[in-house]
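Could you put together the complete structure from these sequences and hints?
Protein chains: 2
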Amino acid sequence: MTTRLVAARVTSLSFTEALISTLGRRLPRLVIERVSPELDGGRYPVKRTVGAAIEVGADIYKDGHDQILARILYRADEESGWRAAPLTYDYAPDRWHGSFVADRVGRWQFTIEAWPAHFHSWRLDLEKRLEAGQDVRGELLEGARLLARAAERLGAGSRQVAELLASRVGDARLELEERLRLALSEDALACVPGPLDPAEATRYDWVLDVVVDAAVAARGAWYELFPRSQARVPGAHGTFRDTERRLPELAELGFDVLYLPPIHPIGTTHRKGKNNAPSAEPGDVGSPWGIGSELGGHTAVHPELGTLEDFDHLVAAAAAHGMAIALDFALQCSPDHPWVREHPEWFFVRPDGSIRYAENPPKKYEDIYPLDFWCDERDALWRACRDVLLHWVAHGVTIFRVDNPHTKPFAFWQWVIAEVQREHPETVFLAEAFTRPNRMRGLAKLGFSQSYTYFAWKNSKEELTEYLTELTRTEMVEYYRPNFFANTPDILHEYLQRGGRSAFRIRLLLAATLSPAYGIYSGYELCENVPLHEGSEEYLDSEKYQLRPRDWDAPGNIKSDIALINRIRREHPALAELANLELCETSSEQIFAYAKHTLGDRLIVAVNLDPHEAHDAMVSVPLQALGLDAERPFGVEDLLTGERYVWRGSDNYVRLDPAVRVAHLLLVSGQPAPEQSSR
Amino acid sequence: MTTRLVAARVTSLSFTEALISTLGRRLPRLVIERVSPELDGGRYPVKRTVGAAIEVGADIYKDGHDQILARILYRADEESGWRAAPLTYDYAPDRWHGSFVADRVGRWQFTIEAWPAHFHSWRLDLEKRLEAGQDVRGELLEGARLLARAAERLGAGSRQVAELLASRVGDARLELEERLRLALSEDALACVPGPLDPAEATRYDWVLDVVVDAAVAARGAWYELFPRSQARVPGAHGTFRDTERRLPELAELGFDVLYLPPIHPIGTTHRKGKNNAPSAEPGDVGSPWGIGSELGGHTAVHPELGTLEDFDHLVAAAAAHGMAIALDFALQCSPDHPWVREHPEWFFVRPDGSIRYAENPPKKYEDIYPLDFWCDERDALWRACRDVLLHWVAHGVTIFRVDNPHTKPFAFWQWVIAEVQREHPETVFLAEAFTRPNRMRGLAKLGFSQSYTYFAWKNSKEELTEYLTELTRTEMVEYYRPNFFANTPDILHEYLQRGGRSAFRIRLLLAATLSPAYGIYSGYELCENVPLHEGSEEYLDSEKYQLRPRDWDAPGNIKSDIALINRIRREHPALAELANLELCETSSEQIFAYAKHTLGDRLIVAVNLDPHEAHDAMVSVPLQALGLDAERPFGVEDLLTGERYVWRGSDNYVRLDPAVRVAHLLLVSGQPAPEQSSR
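First to last, the protein sequences are chains A and B.
Per the numbering used here, the first sequence starts with residue 33, numbered consecutively.
Per the numbering used here, the second sequence starts with residue 33, numbered consecutively.
Don't take each hint at face value.
Same chains, same label: a pair holds when it works inside one copy or across any pair of copies.
In the DSSO-like style, the derived pairs of lysine-lysine whose C-alpha atoms are separated by at most 30 angstroms in a straight line are [claimed, not checked]: (1) 591 x 160; (2) 591 x 440; (3) 160 x 396; (4) 395 x 160; (5) 160 x 440; (6) 591 x 493; (7) 490 x 395.
Since the hints were derived computationally from the structure, they do not count as laboratory data.
The structure is reproduced here in structure tokens:
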């Protein structure tokens, strides 16, 4: 699979050249096209989670009046045999539909096969002839011939049945009525489950891939913390053991994934000081993203955090609390990284022989050496990068948050993700790319399981509406799984800086109910909101460069909100989906509302986007989508407070005062049975 | 090309398998995707006419901050060398655009190539460094190295320039200012027109095809006539010579294409009589579609029409009048066709050994034997069919109207059209398929140049709006070229049967101004409207089964309308395009209005769809699309009458009384210059 995936965008050839080079000449009897789901003409797989029914559609047609039969061929991987699922025809859209269930994680494949159903056509024609009172004795001979051909394709038992039917349908000595009864019987139809002649079966041009992931690839509540800040003793460097002690609390808050910034030895050359000072003072701990020192590189752990065994222990303890550990995968090196000594050929070399540090002119990052992914020793470098991942997979890590993937070659990611998932298909990759839309989409298409988003910058109703429409109403739903981080160590949005505690409650609720996957970076629960300086999105005294011990129960914390919302997320399947989002019209620019529903679970959310003032609005409920009758009242229960209301019809009133509440999260409890009509 | 085209839908394989099977392992540096125009992931070509600028778009991106350069590679056919046209980047849609002109008929190809522009990136960074006041002496060495690499790729003359520049930019003994001037010079940029390393150039996965046709494939006024009805002597069987005598009149009326139903010998076995009577009376001429007798088959001409030489003479005479002859290509045989005797293996054989006639149970067509396109001797049959086409091509025929293509295999059409167009790319194929939308679209995609449509059945404003939206606002514009026949020998719509002369004028105007290609079947100009019986769309005394001599100047004819409208079509390029249609809102269900514009040619059409009553309406003019200022009046001239009006703003009044006129066909004559603002 390695070579195949990467080679997928190698050079160009015409569609027909590609096929002819592998195949002999065999003419298709039918046309199969516009197959769904299919991305970019089959170039990329769509994504699903395990247990999903994969709905398949296709246009299938041929010349003339023949009946057509068609089926999905699917398999869990390239090594498995094909299984078949039926496709049925819908006249109105002139389209065939079917589905199959992907019951395990892996890179599934499917294609479509169709064939002219000669016996079915003959049978239908026979009925028409009979209805018109025509002499059908000649036709019965034809039917007998078709059944005899069908017999040749059947196993011994069925074959006998088919041969018997053929001989009796074709037997002029029998009563005509009996011959017709047999010809039109279900038994006869059952003799022809497939094509009479395999050469008449047409397959779709491509086998399409479906990446089927573990559920955590699509949904989960993430919590980001720096283990070094978790010490209980003031001033001490936190450890994996300290982090482990926080697990019960984090499990209580309802988190599913614990994401740790890089845990590796940190370089000292050109180490940055507190608040990103150009040089470090003695005692400054440096940025965890300045990876590598004489103590080791990407496969080592920073000694002050503990040992590799301590890490293993943390992974196991988290699992015991129902949480997964996500590691950071940041492909860059401090000048002290062992690779710099051992493999200078993996880095960019200047004309003067020195190794080039990272730059974005005129900015210089002298504490970081970027890797030269296209160096002459590329194969060795790429394999080394892959082996870093496999090393941590062997230590129980199944989730990687990838740092700045858009600054490394797309071909590399396509290769390395496929390499890891080949043996470990459950591995999840989260792309931390904040860049132009095409590149963010491209990373998701080539293999990243999940992606950071622009959510942190979408704060107004207009911004949210436009962005959510893109994420939920375009082809992106097939491959782009958003993770709505409300903050990160790099992003403290002005909205949070200025909006106080209500702003944190609002953004938490939005992130957690709009997207199946969302996250917060620690400090969020304490409503930390002091920027480095006016106009900056960086934190003052950023944990990126120093220890930040905290009192997790400090007054004003919003931990009860977090625990409640995460509990509601787990209890309500409607929140586990993305594409079920229905944005609702409201009469206020400050009231943002939406509905989500899955089977019987129907939620309506109305949020006041203004953290300072109360606003009211009429909210338009998508009655039809929710299966509600416009004429009758329906009950709603606010899952945040337990309050119950009776709503009716499309337009309903809400008033949200951030001093009291920032949102309604309403469960639709259904409508009473319609009253009996008066007699 | 033969094999390639047909093999395009052979069997299925994964996208990556297809590529890997032909190519070695070479990793792409960039991503090139969402290329336009592209149909169904590259499976089918788009269509253009000769002289068109082919607008190409693509998403192109890579990791990091490198500058990118990109170009279109295109060629007129597979044998020609690639030519290049630049692609330029538009930031807002994050997309690259460019174009090339297809200056001759053929199956053009294009793909896209892009590469990281290292020198351009270096140059931009240098400017940023200089602006920040940084020491750039090390950078100049890097620039000199890049220029030296560029020199290796250049021809002798340019190479010397590049080498000189490289040595001077890198020469520490020279003034820094001079080195910078050279490094940032246009001369230096010109040294790097392509990739520094060919391995860094990425090509798009596919070479895409563009079928570039002669203009007549997309536009033209068609006239269908039965040569046998063109005799001047009452009761006589018309001939090619008789037909030739009508050419001056038809040229005067402004027709571009003269389409003749089959001109071959007609079978006698089971010949149909007048009005499709089950058996013919003595003297009945039979249906021209009952092809073949002892006198010959598809390559012969019916002796009563004349000789092959007479036909050649007709083709030449038509050409002299600026008209092309279109022949009917109907792949079916009468029981008397020579192929039945010579190649019984090309037909369906019943169990009793007899050849199967055509049926659509319970209906029987005993005068017609369908061909078995999948018979064992398929290759010979297909080649024979192709040779029929080549035979007529050799006699100067470049347009074939193909009868019922949807009852023959799609693979056959893909093959035979490619076979003929390989040597004769100017050949045009019109698909006469009236079937389900997928099949009609499929025929157009696989190679038919032009297609019949549902136009004859779209008579109400709602029907026209929906259908024209589909034809002009969906992907169909890339490949489906409609020919709006207002009537055919098989279709006399109820609207024409009941609407009188006005109905004929209305439908003529709609057909001729909505679609660049349209047609009428003779008799239309005489407003012939008598059906076989109430509820039938067949003509009474249909020309399909008998001679129909006519007085072409009979009272009430609409020949002056036809001549005028065809003249207007030739004079107004806006009517030569399809996708430029802008439907206009009107305040009446009976008033249908639309605009068409190309460069300076701006037309507004308003049609009363009710042939009986006058109606009035406000018509909404798409001012912005037409480049009109809402605040100032504009002049319009009715090209049908020469009347002039002054309109203003979006909404303008029309009243159309069919007794006087059925439509306005308005040329927008522009707006006066805006008045000077007062001083």
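Hint check results:
1. In the homo-oligomer, the alpha carbons of residue 591 and residue 160 never lie at most 30 angstroms apart, since the shortest distance is 72 angstroms inside one protomer and 46 angstroms across protomers.
2. Taking the shortest alpha-carbon separations for residue 591 and residue 440, neither the intra-copy value of 37 angstroms nor the inter-copy value of 70 angstroms comes in at or below 30 angstroms.
3. For a Cα distance limit of 30 angstroms, the shortest separation of residue 160 from residue 396 across copies, 12 angstroms, qualifies, whereas the shortest one inside one copy, 82 angstroms, does not.
4. Taking identical chains as interchangeable, the C-alpha atoms of residue 395 and residue 160 lie at most 30 angstroms apart only when they sit on different chains, with a minimum of 9 angstroms there against 81 angstroms within one chain.
5. Taking CA atoms no more than 30 angstroms apart as the test, residue 160 paired with residue 440 passes between copies only; the shortest distance there is 23 angstroms, against 66 angstroms inside one copy.
6. Proximity of residue 591 and residue 493 under a CA criterion of 30 angstroms is satisfied intra-copy only: 26 angstroms inside one chain copy versus 61 angstroms between copies.
7. Taking the shortest Cα distances, residue 490 and residue 395 sit within 30 angstroms of each other inside one copy (28 angstroms), while across copies they are farther apart (65 angstroms).
Against the hints set out earlier in the document, violations occur for numbers 1 and 2.
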